[in-house]
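Quick note, the sequences are listed as chains A and B, same order.
So that you can map any letter, position 67 of the first sequence is 67 in this note's numbering, and since no number is skipped, the others follow by simple counting.
So that you can map any letter, position 14 of the second sequence is 14 in this note's numbering, and since no number is skipped, the others follow by simple counting.
Calculated directly from the structure, the hints in this document are not laboratory data.
Keep in mind that the hints are not guaranteed to be accurate.
Residues from chain B that face chain A, not an exhaustive set, calculated with beta carbons under 8 Å [said to hold, decoys possible]:
1. S43
2. P86
3. I93
4. F107
5. G110
From the derived model, a few chain B residues whose C-beta atoms are all more than 12 Å from chain A [stated by the list, open to error]:
6. T17
7. S18
8. F67
9. P109
So, partial list: chain B residues that the calculated Cβ filter (under 10 Å) puts toward chain A [said to hold, decoys possible]:
10. V4
11. C13
12. L26
13. Y58
14. Q105
Here a beta-carbon is modelled for each residue, glycine too, at the ideal position from N, C-alpha and C.
Residue-level listing of the chains:
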Amino acid sequence: QQQVKQSPQSLIVQKGGIPIINCAYENTAFDYFPWYQQFPGKGPALLIAIRPDVSEKKEGRFTISFNKSAKQFSLHIMDSQPGDSATYFCAASGSGGSYIPTFGRGTSLIVHP
Amino acid sequence: GAVVSQHPSWVICKSGTSVKIECRSLDFQATTMFWYRQFPKQSLMLMATSNEGSKATYEQGVEKDKFLINHASLTLSTLTVTSAHPEDSSFYICSAGGQGRHGEQYFGPGTRLTVT
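With the rest of the complex left out, here is chain A (with noise of 0.2 Å):
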């Protein structure tokens, strides 16, 4: 059972554009949720996070906006640029006894120039 659903599985947009990039997670008790940029033969880099407290945060040109009712969060890249192609992974733990994180399944992200 996949307890956080992320989407779209591909994303291609332009220079400039606002992709972005939607999970869903299941379990209440989670309390952490990041993201991670993943280039190809690299290792995931943490990008942003989020924790329930509040709705929205912003770090330069990523920003995540969280909706605990709906329990969904969402990554906007504004003004994407070339060099944002990558693999985005959100991710969502817990302190219930287990910082454990359980990962979406990914988004390739492509900006053409």
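Place chain B on chain A using the hints.
Chain B alone, transformed into the frame defined by chain A:
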């Protein structure tokens, strides 16, 4: 920021041999380290969780005798793939979470293992 290193970054070995991969947290103490396996164009698959000074906890379906994990210190965990076979070829990634770092994990750069 938190930096995690892995060594080697890539390794080629012959079938039947063993390979050791090191994971180090360079600027923080990691009470817990995680080992993942990733196939091309797929998500990360958690193999095991290791806590410093205790036995690793393996995920269902992961052979503990084949994938030996040792977490001897707060900055070092090792994964040894024993009697490697071609189907063990994959991208192995470790991550570290430190005490007080609630839910945060920092990933290493990964190790590409090819078994011939």
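So, going through the hints one by one against the coordinates:
1. The beta carbon of S43 of chain B comes within 5 Å of a beta carbon in chain A, closer than 8 Å, and the hint placing it at the interface holds.
2. Given hint, P86 of chain B at the interface with chain A, is violated; its Cβ is 20 Å from that chain's nearest Cβ, farther than 8 Å.
3. About 5 Å separates the beta-carbon of I93 of chain B from the nearest beta-carbon of chain A, less than 8 Å, and the hint is met.
4. Annotation: F107 of chain B was flagged as interfacial toward chain A, and the flag holds, the nearest CB pair being 4 Å apart, inside 8 Å.
5. A hinted interface residue such as G110 of chain B counts as satisfied when its beta carbon comes closer than 8 Å to some beta carbon of chain A; here the least separation is about 4 Å, so the hint holds.
6. Distance to chain A confirms T17 of chain B as a non-interface residue, since its nearest Cβ pair spans about 23 Å, more than 12 Å.
7. Under the 12 Å C-beta cut-off, the non-interface status given to S18 of chain B relative to chain A holds; the minimum distance is some 23 Å.
8. Here F67 of chain B stays apart from chain A, with its beta-carbon at least about 17 Å from theirs, past the 12 Å limit.
9. Non-interface status of P109 of chain B relative to chain A is broken: a Cβ of that chain comes within 12 Å, the nearest being about 5 Å off.
10. Below 10 Å, beta-carbon pairs count as interface contacts, and V4 of chain B has one with chain A at about 8 Å; its hint therefore holds.
11. For C13 of chain B, the shortest C-beta to C-beta distance to chain A is roughly 19 Å, which exceeds 10 Å, and the interface hint is violated.
12. A distance limit of 10 Å between C-beta atoms decides the matter here; for L26 of chain B the minimum to chain A is near 14 Å, and the interface restraint is violated.
13. Among the interface hints, the one on Y58 of chain B is violated; its C-beta lies about 12 Å from the nearest C-beta in chain A, farther than the 10 Å criterion.
14. Annotation: interface hint on Q105 of chain B holds; nearest CB of chain A at approximately 6 Å, less than 10 Å.
Checked against the numbered hints above, the structure violates hints 2, 9, 11, 12 and 13; every other hint is satisfied.
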